[in-house]
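Chain order of the listed sequences is A and B. Heads up: the first sequence at position 88 corresponds to 88 in this note's numbering, and the numbers run straight through without jumps. Heads up: the second sequence at position 130 corresponds to 130 in this note's numbering, and the numbers run straight through without jumps.
Think of the hints as simulated: they come from the structure by calculation, not from any bench. Values in this document were obtained by computation on a predicted structure and should not be read as measured data. Idealized CB from N, CA, C, for every residue including glycine. Careful, some of the hints might be misleading.
[Stated by the list, open to error] Pair by pair, the computed Cβ-Cβ distance ranges are: (1) Glu222(B) x Phe242(A): 54 to 62 Å; (2) Lys249(A) x Gly136(B): 32 to 40 Å; (3) Arg170(A) x Lys233(B): 43 to 51 Å; (4) Glu143(B) x Pro44(A): 40 to 48 Å; (5) Ser70(A) x Ala241(B): 46 to 54 Å; (6) Asn11(B) x Lys249(A): 52 to 60 Å.
[Stated by the list, open to error] Calculated from the model, a selection of chain B residues having no Cβ within reach of chain A, i.e. all distances over 10 Å: (7) Val31; (8) Met198; (9) His221; (10) Glu227; (11) Arg239.
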Amino acid sequence: MPFKVKLGLVYGAIGVLLVLFVIAFQYDTAFILEWLPFILGGVPLTLFICFGGIALAVVLALLGALGRLSHNALFMGVANFYVSFIRGTPLLVQIFFIYFAFPQLAFKPGVPEWVQPLLVYNIAFAAILALGINYGAYMTEIFRAGIQSVGHGQAEAASALGMSSAQTMRRIVLPQAVRVIIPPTGNEFIAMLKDSSLVGLAGAAELFYRAQSVGKAESHSYETLTVAALIYWLLTSIFSFFQKRLETKMGRGHVREEVAPPRARGIA
Amino acid sequence: MTTSPVIRIENLEKHFGRLQVLKGISLDVGVGEVVVILGRSGSGKSTLLRCVNFLEEPTGGCVEVDGTRLEAGAPSRARRERIRAIRLKAGMVFQDFNLFPHLTVIENLVEAPCTVKGESRGEASKFAEELLAKVGLADKRDEYPIRLSGGQKQRVAIARALAMRPQIMLFDEPTSALDPELIGEVLTVMKNLAKEGMTMVVVTHEMGFAREVAHRMVFIHEGEVVEEGPPDKLISGARDARTRRFLEAVL
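Just chain B, same shape as in the assembly (with noise of 0.2 Å):
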């Protein structure tokens, strides 16, 4: 995997007061690679992810993806406009879902490509059953997200982040919120979604799904990265004790 760079991450920094969460952290991610982000809960792996899409402001350093680029910064309305140009290229499922409760399934997924890109609804519904056929919940159209169980919602999740065609997708721990049982169905549709060859950076705790998927796993502690490398070479010879110890943990 080296293709150009489609997210770089330069010398991230996020404080939240007087506690300094990234402490400099640096990644760029190639076009259609896996990479998987592990590390303990407070390690600053979740900040990072949504320092991408700047959910989280960074207090320093610069996220560049597919070619936009910004700083950390003040407020302003030039501002507000690029990190919506990147937010448009990156697709984001979170751990606790968030589908819009008031809107079925179907109107979930074409909401924000008729507000934002201003898409007809036709063109956007016919995209979104695609979507919906994709994750396999084609029959579940018209239905509201409170009759769905957790592993659908994660999938509407998915395909209503796709709806927007982005160009990288980032997973913060999405499937930490679900039923033992229900994880299967989520991480199969990952996993498709890496082979059509999607770029994806995975805040996640499932080793088995790093192992088979990731083309790079990043391990972050105490708000630095302190080793990264493939799934199998990190995994079986990991060499700073501390990520040693995580993986015997998770392992």
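Isolated chain A, as found in the complex (with noise of 0.2 Å):
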């Protein structure tokens, strides 16, 4: 038997599997065709917290990325606590500090009232705020390595034409850096919207909020929950696609001519 047939035939049991679950606990489909609309609802909010979410990652891992490799210690230093700090903290205080803490601090007494608007947020941009800030953090070594990957001759072609180091940079490597960034960032956007149903525990109107709110005041989480897990996961298979196809495109061409034959430098 060809081993996809054979794959094949696993996934079909698996499928079958889960139908034999679904009707043996009673899945009660009058309810969840009922309330489906209202979890879907929860959709376009996800889908806005996460793009609002990866741009504001992808810019704060950009400056990240600049200032671990800066000569400036004032960069270096500011950009290293950033990334220790909150790769070390959980995401979820992350996300109840920004939306329940900085609204705490805007009303203490003595701090000035044109402050209030900078720390009180409504709930969408405090998610975009919390998830940008915490994967700006983790991308950040993913945007340093892919500058890294230019290789150093590069950079010296270019001080060699006279152009400065913000030129070189601007011109010369990040276009390059980009073809390797692009991919793990794709990755990242997944994984993040997976991660922004934590920010219906902070009453965001999201896909897992309305989810479980309805589950639980119907007491038929089961029904609802399995519909939630079911919606992330089509989200998350649409973008993998458009994210492996981008993977291949990236892939090609340029990538190999990269690999120069190492050469000590300096003393020769």
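Reassemble the complex: the two chains are provided individually, in unrelated frames, and hints are given to aid placement.
In structure tokens:
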């Protein structure tokens, strides 16, 4: 039997088992059909938070990576602290801190009024801020590795032509680093889709929040959480598909070029 | 060749940690002069070349290129500006080409004139096309570097350096990474450049090129200039035993 057929049979068997499970535990189809539109109504907010979050994360990761590679003690120190502190604390704590603790600070005695709007956000904005800051710290390492993957000779050639280090970074190094950075950034986006459910715990009416609040109130958590899980799975599968295609496209062509023969630099 | 020097290297020293690679080298290069630097690997010849445009920071001594003078010293904003001024006067060609792989051939050539000198794309492209014709690669204008042979890459790299209209050209083993059958085309371009009167400092093992094109050969050993002179004189009658041994090995 060909391997692919065997694999298909295994998938089929898993599917049948899941259906049997659902039947055995009397999945309430009528209930879920009634509430499905409400739960699906959380998808736009989930996607909005994730697109906003990844956009912010990309900006912070770029700054973080430049900071960590900088020879300036201030930039490097701030970047190192950012990465260490954010990666060393739970995302859930960060979300709650931004949404619940910041507003408290805003209304401490003596805090000027103009500061208040800087510390009090609606939940969607707080979610974007928290996810963006958190993922930015992890992605800093991806960006740093991408920048460092561009051969040293490139920067050398650019500076020999009189380009400043900023020009070299912007015109020569970053455009080449992007090829390396984009595929893992797609992976981070997919991971963020799932982590965005944590924002529901702070009260954002996104996918997970809707599923679990209906489920709890109506004692149908089994039905609503199953459907929420399936929607997350569907969303991540769709984005994985595009991410894989992007990865293949990016991997082609120029990358091989960079594997130049190693050579002792300087003394020769 | 006794014109006023366009490159003055005075008492140049370079340490890598405790290792001293250049031990006080002095060398003048006149306008239009072609100087070939010889020496075993590890002798410091590449380091010397890379100190001229400060890709390597010298730890002592002084470099002057076309009137811009800079001593070894600590980094500062003013110093960075001086280094840039020197780099604008000195084109450099590397052993492993270092073309920009994300840019086409013509874009490789116009990148620095546009970003650094603020030339318009139009005028930069026009000059770039002239240079490509000169190195025999006008038809490769819109190719990406990955599609070029090593010899073609190096010729593009020479054109890219010339696009900045430098006063002098530095060549750091320009043919060492090439297959033997591709070396000739690069040397031809360099010979033509020399004929046009370009001031050139070349680190190479190509003795044929040195004999034919160089006005002066400089032999470096363990960070010091051991001997220098016109190619014929040096090849036939080197005074120093180390020079003789080296020449016997490469000739």
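Here is what the structure says about each hint:
1. Glu222(B) x Phe242(A): 54 to 62 Å: Given range 54 to 62 Å: holds, Cβ gap about 59 Å.
2. Lys249(A) x Gly136(B): 32 to 40 Å: The hinted range 32 to 40 Å holds for lysine 249(A) and glycine 136(B), with Cβ atoms some 34 Å apart.
3. Arg170(A) x Lys233(B): 43 to 51 Å: The hinted range 43 to 51 Å holds for arginine 170(A) and lysine 233(B), with Cβ atoms some 50 Å apart.
4. Glu143(B) x Pro44(A): 40 to 48 Å: For proline 44(A) against glutamate 143(B), whose Cβ atoms are near 46 Å apart, the range 40 to 48 Å holds.
5. Ser70(A) x Ala241(B): 46 to 54 Å: holds (50 Å)
6. Asn11(B) x Lys249(A): 52 to 60 Å: holds (55 Å)
7. Val31: Holds: least Cβ distance 21 Å, greater than 10 Å.
8. Met198: holds (16 Å)
9. His221: Holds: least Cβ distance 14 Å, greater than 10 Å.
10. Glu227: Correct as stated: the minimum Cβ-Cβ distance to chain A is 20 Å, above 10 Å.
11. Arg239: Arginine 239(B) clear of chain A: closest Cβ-Cβ about 26 Å, beyond 10 Å.
No hint from the list above goes unmet by this structure.
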